[in-house]
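Q: Here is how the chains run, residue by residue.
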Amino acid sequence: MAAPDRIAFVCPRLAGEGAVGGAETLLKNLALHAAARGVAVDFLTTCAQSHYTWENTLPAGKKRMEGMDVHFFPVDDRDVGTFLSIQQSIDRGRSVSESDELLWLRNGVNSAALLRHLERHAADYRAILLGPYLFGLTWFTALAHPERALLVPCLHDEPFAKLACMKRLFAETAGCLFNSQAERELAGELFGHPDAKSSIVGMGLDPFEADPTAFAKRHGLTAPYVLYSGRREPLKGTPLICDYMQAFRERTGRDVKLVFTGSGNIDAPAALWPHILDAGFVSEEEKHEAMAGAVAFLHPSVNESFGIVLLEAFLAGTPGLVHAKGRVLVSQCKAAGAGLWFRHYPDFETQLLYLLDNPQERAALGRRGRDFVAREYAWPAIERKFFAALDALRPRAT
Amino acid sequence: MSESPILSIGAPGIDVDRLVADLQATVDRKVRDGAYADARVARAEKTNLVNLRGSDDFLTFYLACLRDAVFVDISDFEIRERRRFFGPLLVALKTTLWKLLKFYTYRLWSQQNQVNGLLMTALEGMEEQSAARIAALEKRIVELEKASGHGRS
Numbered sequence: 001m002a003a004p005d006r007i008a009f010v011c012p013r014l015a016g017e018g019a020v021g022g023a024e025t026l027l028k029n030l031a032l033h034a035a036a037r038g039v040a041v042d043f044l045t046t047c048a049q050s051h052y053t054w055e056n057t058l059p060a061g062k063k064r065m066e067g068m069d070v071h072f073f074p075v076d077d078r079d080v081g082t083f084l085s086i087q088q089s090i091d092r093g094r095s096v097s098e099s100d101e102l103l104w105l106r107n108g109v110n111s112a113a114l115l116r117h118l119e120r121h122a123a124d125y126r127a128i129l130l131g132p133y134l135f136g137l138t139w140f141t142a143l144a145h146p147e148r149a150l151l152v153p154c155l156h157d158e159p160f161a162k163l164a165c166m167k168r169l170f171a172e173t174a175g176c177l178f179n180s181q182a183e184r185e186l187a188g189e190l191f192g193h194p195d196a197k198s199s200i201v202g203m204g205l206d207p208f209e210a211d212p213t214a215f216a217k218r219h220g221l222t223a224p225y226v227l228y229s230g231r232r233e234p235l236k237g238t239p240l241i242c243d244y245m246q247a248f249r250e251r252t253g254r255d256v257k258l259v260f261t262g263s264g265n266i267d268a269p270a271a272l273w274p275h276i277l278d279a280g281f282v283s284e285e286e287k288h289e290a291m292a293g294a295v296a297f298l299h300p301s302v303n304e305s306f307g308i309v310l311l312e313a314f315l316a317g318t319p320g321l322v323h324a325k326g327r328v329l330v331s332q333c334k335a336a337g338a339g340l341w342f343r344h345y346p347d348f349e350t351q352l353l354y355l356l357d358n359p360q361e362r363a364a365l366g367r368r369g370r371d372f373v374a375r376e377y378a379w380p381a382i383e384r385k386f387f388a389a390l391d392a393l394r395p396r397a398t
Numbered sequence: 399m400s401e402s403p404i405l406s407i408g409a410p411g412i413d414v415d416r417l418v419a420d421l422q423a424t425v426d427r428k429v430r431d432g433a434y435a436d437a438r439v440a441r442a443e444k445t446n447l448v449n450l451r452g453s454d455d456f457l458t459f460y461l462a463c464l465r466d467a468v469f470v471d472i473s474d475f476e477i478r479e480r481r482r483f484f485g486p487l488l489v490a491l492k493t494t495l496w497k498l499l500k501f502y503t504y505r506l507w508s509q510q511n512q513v514n515g516l517l518m519t520a521l522e523g524m525e526e527q528s529a530a531r532i533a534a535l536e537k538r539i540v541e542l543e544k545a546s547g548h549g550r551s
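If you're matching them up, the sequences are chains A and B in order.
This note's numbering numbers the first residue of the first sequence as 1 and each following residue consecutively.
This note's numbering numbers the first residue of the second sequence as 399 and each following residue consecutively.
Keep in mind the hints are simulated off the structure, nothing from the lab.
DSS-like cross-link-like pairs, simulated, lysine-lysine; straight-line CA separation at most 30 angstroms:
{"#": "1", "chain 1": "A", "residue 1": "Lys385", "chain 2": "A", "residue 2": "Lys197"}
{"#": "2", "chain 1": "A", "residue 1": "Lys162", "chain 2": "B", "residue 2": "Lys444"}
{"#": "3", "chain 1": "B", "residue 1": "Lys444", "chain 2": "A", "residue 2": "Lys334"}
{"#": "4", "chain 1": "A", "residue 1": "Lys63", "chain 2": "A", "residue 2": "Lys385"}
{"#": "5", "chain 1": "A", "residue 1": "Lys197", "chain 2": "A", "residue 2": "Lys167"}
{"#": "6", "chain 1": "B", "residue 1": "Lys428", "chain 2": "A", "residue 2": "Lys334"}
{"#": "7", "chain 1": "A", "residue 1": "Lys197", "chain 2": "A", "residue 2": "Lys162"}
{"#": "8", "chain 1": "B", "residue 1": "Lys444", "chain 2": "B", "residue 2": "Lys500"}
{"#": "9", "chain 1": "B", "residue 1": "Lys537", "chain 2": "B", "residue 2": "Lys428"}
Simulated DEER-style distance windows between Cβ atoms:
{"#": "10", "chain 1": "B", "residue 1": "Leu542", "chain 2": "A", "residue 2": "Thr82", "range": "52 to 58 angstroms"}
{"#": "11", "chain 1": "B", "residue 1": "Gln510", "chain 2": "A", "residue 2": "Arg375", "range": "53 to 59 angstroms"}
{"#": "12", "chain 1": "B", "residue 1": "Thr493", "chain 2": "A", "residue 2": "Glu209", "range": "52 to 58 angstroms"}
{"#": "13", "chain 1": "B", "residue 1": "Phe475", "chain 2": "A", "residue 2": "Pro74", "range": "53 to 59 angstroms"}
{"#": "14", "chain 1": "B", "residue 1": "Asp471", "chain 2": "A", "residue 2": "Asp91", "range": "29 to 35 angstroms"}
{"#": "15", "chain 1": "A", "residue 1": "Asp79", "chain 2": "B", "residue 2": "Met524", "range": "41 to 47 angstroms"}
{"#": "16", "chain 1": "B", "residue 1": "Asp471", "chain 2": "A", "residue 2": "Gly188", "range": "48 to 54 angstroms"}
{"#": "17", "chain 1": "B", "residue 1": "Arg480", "chain 2": "A", "residue 2": "Thr53", "range": "32 to 38 angstroms"}
{"#": "18", "chain 1": "A", "residue 1": "Thr53", "chain 2": "B", "residue 2": "Gln509", "range": "39 to 45 angstroms"}
{"#": "19", "chain 1": "A", "residue 1": "Pro359", "chain 2": "B", "residue 2": "Phe475", "range": "35 to 41 angstroms"}
{"#": "20", "chain 1": "A", "residue 1": "Leu221", "chain 2": "B", "residue 2": "Arg480", "range": "17 to 23 angstroms"}
{"#": "21", "chain 1": "B", "residue 1": "Glu541", "chain 2": "A", "residue 2": "Leu143", "range": "55 to 61 angstroms"}
{"#": "22", "chain 1": "B", "residue 1": "Ala530", "chain 2": "A", "residue 2": "Asn358", "range": "39 to 45 angstroms"}
Glycine included, each C-beta is placed from N, C-alpha and C at the ideal position.
Sequences are here, hints too, so could you generate the full structure?
A: Right, here's the structure in full:
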């Protein structure tokens with residue numbers, strides 16, 4: 001009997017429903033493009049929108065969206081205290097027993113209703129694509145159906161990746177779809193994950209045109225600005241850019257504003273607040289306009305498996321300024337020839353001054369980035385890689 | 399920034415590796431010249447410490463920044479008020495409050511500065527001692543390798 005050509009995606013949140021996140025965006029886009037190519041797609045997710053509270057804010061049930069069936073399941077009740085206390089130990093690099101690892105996963109984000117759905121319907125799916133790797137939902141679902149599970153792990157070099165339970169997850173699932181060579185190498189180093197059990201896919205980006213003056217006009221910005229888009233939190237390095245921009249303004253006397261789009265609290269020195277514009281959660285169009293008008297797109301995170309927003313900034317014609325320890329982001333800047341990377345504040349100051357004082361060179365970097373993304377990350381190329389990965393890792397049974 | 403143009407972006411054969419390397423070479427020279435030994439740099443770098451730990455010369459650089467940041471500024475400062483209404487009144491009130499508080503906090507902050515200064519000196523001393531010990535050990539290893547005929551060159 002032929003295996004069904006229906007695939008499922010499992011992700012803790014659905015991007016766009018008031019939720020923003022790189023992994024969520026990646027999985028949703030892969031699902032949408034698979035659906036557009038005629039594959040029957042079920043997108044299984046939770047009713048939560050906030051990655052802080054994980055409160056069930058969306059109604060449970062099935063909804064037809066853009067050619068795929070999206071199933072919303074409630075997040076289970078959990079002991080947040082237990083979860084946070086174990087998470088803190090892991091984050092500090094302390095040794096955690098395997099039973100505590102399981103306790104941490106159980107009290108993370110889970111959905112018994114989603115698991116029950118898969119108990120009944122897993123056989124309907126040729127493959128179940130899940131991610132990111134560090135959620136209880138991903139772990140329990142993948143290990144309940146390892147022969148069909150293809151991880152889209154969005155793996156970072158962080159304490160959670162070094163847990164014994166994660167080694168088991170990578171070992172037992174059918175395969176992995178990585179976003180970059182750097183991520184694949186990391187999985188090899190951490191878990192001895194064989195290249196034969198993985199493919200590099202990534203995410204495609206549609207080219208867009210954005211008016212570089214529109215965002216500044218709309219928000220009354222008259223000074224040049226640098227931009228960060230995405231979740232604001234210490235793990236993403238947002239306090240670092242606030243501290244750097246405060247020092248930059250004080251030391252150089254240049255009036256450069258710091259613009260944020262996305263969600264989360266901004267931890268910034270009080271003196272910087274009058275020079276911060278927090279645009280919050282904006283439309284894709286407005287985000288692209290903000291990118292197009294920025295002197296540079298700042299991406300200080302050192303834990304990324306794929307810099308979607310960095311590639312979007314390249315597409316908007318804006319160079320990136322990334323942390324030198326962010327292996328994947330640096331490799332994207334190098335490959336595109338469209339970004340610089342800083343080790344510490346002195347590098348940051350010098351590089352930002354360079355971009356401010358050399359508009360022609362900055363525009364040339366931007367052009368290179370735009371050409372690179374349009375060439376390497378066009379959706380048809382990514383779709384080919386995605387279906388080739390599916391065929392290699394979960395071949396159709398005949 | 400370097401005085402001469404680093405390279406021409408957009409020309410065939412150029413790459414950002416070279417641009418970053420040139421900019422970093424300029425920065426390294428300026429770090430050695432003390433251009434970034436600045437309390438503001440030390441404050442800015444606090445969230446980056448975890449990323450810098452493995453870097454060569456990190457401790458020397460950070461200690462140089464810290465040396466300028468180590469003392470709490472307890473001198474008087476200009477008190478301003480952004481609100482238009484009652485602005486002068488609020489400035490007068492804040493100035494009075496500062497004068498009163500200064501009397502109580504001066505002793506505390508000056509003691510804190512003493513502690514900070516002593517800790518800083520101790521850290522610098524430890525770093526110098528460690529650097530000297532490592533240099534002596536490296537020299538000794540080279541001598542021993544040469545003597546045993548297992549030298550690397």
